[in-house]
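Asker: Listed below are the residues making up each chain.
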Amino acid sequence: MSQCHKVRRESGFTLIETMVAIVVLTIGLMSVAALMGQMVTSSADSRYFSIASVLASEKLEDLNRFPSNDPNVAAGGNLAGTPAGYSDTVQISTGSGAITETTNGITVTHAPDGTVTTVAGAAPAPTADTLTFARNWVIEKDAPVPGVRRITVLVTLTSKGLGPSKPVTFQTSTVRP
Amino acid sequence: MKNKTTRHFKSIGSASRTPQSSGFTMIELMVAMAVFLVVGGAALTLFKQHAELFNDQQNQVGLNISLRNALSQMESDVVNAGTGYSKSADISSWPIGVTIQNNVGGTACHTAGTQVYTAACFDTLNIVSPNPTSIPGQFAAAVDTSKAPGTATIIPPVGVTATTLAAGFSNGSQVLFMHNAANGSSSTTMTTATLNAAPVVNAAAGTVTLSFGATLPDGTNAACPPPPGFCNDPLGLTTNVDLGLLSATLTSQFDTVTDWVVPLASYRYWVDASNPLDPQLKRGNDVIADQIIGFKVGASTVINNAAGVVTGSTTTYSYNASKQATDSPWGYQSQYDQIRSVRISIIGRTPPGERTGNGTFRNGFDNGPYRIQSMSIVVNPRNLSMNDK
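Note that the protein sequences, when read in sequence, are chains A and B. Per my numbering, residue 1 is the first one in the first sequence, and the count goes up by one each step. Per my numbering, residue 1 is the first one in the second sequence, and the count goes up by one each step.
In case anyone wonders, no lab produced these hints; they're calculated from the structure. Please note that the accuracy of each hint is not assured.
Examples of chain A residues toward chain B, derived with CB under 10 Å [said to hold, decoys possible]:
#	residue
1	L25
2	A33
3	M36
4	M39
5	A44
6	I51
7	S53
8	E58
9	G95
10	V108
11	H110
12	V116
13	V119
14	V145
15	R149
Label-pair ranges, simulated between beta-carbon atoms [to be verified]:
#	chain 1	residue 1	chain 2	residue 2	range
16	A	M39	B	V35	27 to 33 Å
17	B	N367	A	V145	51 to 57 Å
18	A	A120	B	D144	22 to 28 Å
19	B	C224	A	G105	46 to 52 Å
20	A	T41	B	N285	37 to 43 Å
What you are looking at is a predicted structure, and each value in this text was computed from that prediction instead of being measured. No residue lacks a Cβ here, since even glycine has one placed at the ideal position from N, Cα and C.
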């Protein structure tokens, strides 16, 4: 009997051991799954950053086209709030059978059949795939040295889809006459 | 049999001093295998999903990068469009920086529910500049560019050999003929043609003979035939403009001493839709981006007040270059010199053959089994508008 008892104690894994092993494995697998989720998020975030940087360089390029006496490049602006003349919003949607891009209330719609329509007015209602970026820019005269002006553009992703999101911001500057 | 086995075990067991403790029972083995199957299966499923997700993400990232590359390439080209022209080439209503050919799209372009995009979907953007590495030539004798076959004998400027001059011209390159009137640049007239043979150098006479497609007598060019036909004005400098406005600046007559022939270094951005599985955005013949299903180029044009002074530019962009300003949607009668800024939009897709998402993914744009992304940028051709003609 004592010998039999000894054998039972020594053979195989106990239920506890098996369960511990399964728990360890589960934790491992769950971390892999969490990693996957994180990868998707960070990849999407990097795409948002990429779009934000394109929008920032576009605004800098756009402001570069004005001669130095143009009111569009007069000193002013604020990186916070929505200062008139120094901020705009860009709303990009790739669903609903077309791509719509709204900048400052002008909506350009690209349809799959190659047609482009431009409509001035309110932006279309956001859909589940709509990205909304806010662009603010500041124009400083005689900075960093006299005779030039520095333009700083800040692009913020204010919403992705219908809900709020983790902030995605991109800021860049240029110096021009 | 049973006893024998037991004895056998016993004998081994006694030999190794661990009687009956070795090995798993059948039940244990089966439980272990079942647990392994469940856990291993879960791991494999996770890995499979991970691999697909990773591939999907890679495709999206690749699409994003290729769109950005294409846009930055176009941005730098458009910004520098028109650089290097002589002052006398800067005449009103002559396109000296960018020309745009808009397609209106519609069912000829894309049939809903399909994944095929034809050439009618896409615009063409031409960047026009003189070749910075070549030298303009002067005419050895008066030339009528409408006389077939088109030939012109040209001489180099002082201090340049005929061989050096000829190096700037090659078969297939488009050249600009410029006629400078003695009384100033306001009556400068031009035409353009494409060389149809390599230039021939006559070293003894110090001349170069150019062969080109003859123009029409009024300085315009016939519309281009479909490839591989020879096109005399692939950039659309004379064929796509409103001739009522341009005719005063066109000619086919060129003189010695005052007139020049300038080789153009021009790039055409267009979408090669010949392979429906992979429409490619090209710069000339070089592929800039794969899987492009949208390429549109709009233009914002200058607004003049009654005194002819530029007061600003249009807030909306026109995608109908040849239409009138009063049309809806509006156009600018192909007066490319009026362009203040250019808006370029491209739409790309991930490779259609690749599995996307869980395999039943359909995008919201054209319902295709691939992801799409669009990117637009506003570019100002500085050379055209900073001085506000």
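Asker: All hints, please: hold or fail.
Answerer: These are the hints, each one checked on the structure:
1. L25: Check passed: Cβ of A/L25 comes within 5 Å of chain B, closer than 10 Å.
2. A33: For A/A33, the interface hint holds, since the closest Cβ of chain B sits about 6 Å away, which is under 10 Å.
3. M36: holds, 5 Å
4. M39: This interface hint holds because 7 Å falls under the 10 Å limit.
5. A44: holds, 9 Å
6. I51: With Cβ-Cβ at 7 Å, under 10 Å, it holds.
7. S53: Constraint on A/S53 satisfied, holds at 9 Å.
8. E58: holds, 5 Å
9. G95: holds, 3 Å
10. V108: OK, holds: A/V108 within 10 Å of chain B, min 7 Å.
11. H110: Holds, because the Cβ-Cβ distance from A/H110 to chain B comes to roughly 6 Å (cut-off 10 Å).
12. V116: The hint holds - A/V116 has a Cβ within 10 Å of chain B, the shortest such distance being about 4 Å.
13. V119: A/V119 check passes; min Cβ-Cβ to chain B is 9 Å, inside 10 Å.
14. V145: Violated. Min distance 22 Å.
15. R149: violated, 16 Å
16. A/M39 with B/V35: 27 to 33 Å: holds, 28 Å
17. B/N367 with A/V145: 51 to 57 Å: holds, 55 Å
18. A/A120 with B/D144: 22 to 28 Å: violated, 50 Å
19. B/C224 with A/G105: 46 to 52 Å: violated, 40 Å
20. A/T41 with B/N285: 37 to 43 Å: holds, 40 Å
The structure fails hints 14, 15, 18, 19 (numbered hints given earlier, in ascending order).
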